[in-house]
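Number of protein chains: 2
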Amino acid sequence: MARLDTTRCNLTAFRKATRRVSQLYDELLAPSGLRGTQRAILVHVARSQSSTIGELAAALVLDRTALTHNLKPLQRDGLVTVAADKDDRRSKRVRLTKRGESKLAESQDAWRQAQDRFEAAFGARQAAELRQTLELVAALEFGEPMPAAPPG
Amino acid sequence: MARLDTTRCNLTAFRKATRRVSQLYDELLAPSGLRGTQRAILVHVARSQSSTIGELAAALVLDRTALTHNLKPLQRDGLVTVAADKDDRRSKRVRLTKRGESKLAESQDAWRQAQDRFEAAFGARQAAELRQTLELVAALEFGEPMPAAPPG
DNA sequence: TCCATATATGTGTATATGCACCTATTGCCA
DNA sequence: TGGCAATAGGTGCATATACACATATATGGA
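Just so you know, the protein sequences line up as chains A and B, in that order. Start counting the first sequence at 1; every next residue gets the next number (the UniProt record's numbering). Start counting the second sequence at 1; every next residue gets the next number (the UniProt record's numbering).
To be clear, the hints were calculated from the coordinates, so they are not data collected in a lab. Built from N, CA and C at the ideal position, the CB exists for glycine as well. Among the hints, a few may not be true.
[Stated by the list, open to error] To give an idea of the chain A side of the interface with chain B (calculated C-beta under 10 Å), a few residues:
| # | residue |
| --- | --- |
| 1 | N10 |
| 2 | L11 |
| 3 | T37 |
| 4 | A40 |
| 5 | H44 |
| 6 | I53 |
| 7 | R117 |
All chains should be modelled from the sequences, with the hints used to inform the complete structure.
Dropping the structure here:
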């Protein structure tokens, strides 16, 4: 029964929840001029000093080309720089600018408010547990489907 | 310490996990020509027979205008119809077409495979629990921030 | 040394998502 | 009944995300 029961679709559940949480964070971050995703990128860049596009994309569980696109507005606004690595000119290093550091600091209070508001509604302890679960999901390896006849 | 610790940002955790799960579902759904979100919309429409834009958006925890945009390719491909309600011409009713029903049925196996693959990696019981948690998050009410002085 | 291959990234296109602003109906009330 | 507020949607713009395809650089073996 209930072959089409939406409540059983894992992806739909993830998307609905993420949309709801995004709405909260983006609303509070709006005055700072940063979106949630943009702030996450800046935070990753700040923590790694300088990483390549590929490294950054992997850390964000984001498609490499999506990251390239997402970096555009950040470069345009002078928050990050993207320059070829001098040892391997195929790679590019993403670095936070002074302005990027400032913007990140400037958005800190709004982010804190979003965190507090979420955790007031959902529970701080529950939030911490859920974050761990979500990080686990983000790192999941979904193997290829079982072939009809295994070799050997 | 760790004021910028990314692992503590709830939104980032949600986004990473959702991207990962989306990648799995979209990969398996690709042959059917449907994206995960598109399938979710068709499922909701199928279950409600005919709902308005607003009702559908609320059910999907999706901004009204985002849904309008998302419906465009589905209309173009003849999977749904959107027509003014005859009793209240402000409202529009979204309905599944025969072709939409077929497409939904056609994508059923791929969706089932995605569900199975996710649950093989994450655990079926854990997935069921997580879905409940995510639905709860999607329905959260984040009140306005506490004013400095409560009335009375 | 030269070229095939592997690695790292960018571009164009399509969908996903939400905000600001605009239009069309409906309801209500003076 | 005339008109304004409330309700339901749409459009344009900007960002978010990923795939197919194209480009540039590095590497290793013949």
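A quick look at each hint next to the structure:
1. N10: holds, 5 Å
2. L11: Holds - the Cβ of A:L11 comes within 10 Å of chain B, reaching about 4 Å at its closest.
3. T37: holds, 7 Å
4. A40: Holds, about 4 Å.
5. H44: holds, 6 Å
6. I53: Violated. Min distance 16 Å.
7. R117: Because about 5 Å separates A:R117 from the closest Cβ in chain B, which is inside the 10 Å limit, the hint holds.
Comparing the model with each earlier hint shows a violation of hint 6 alone; every other hint is respected.
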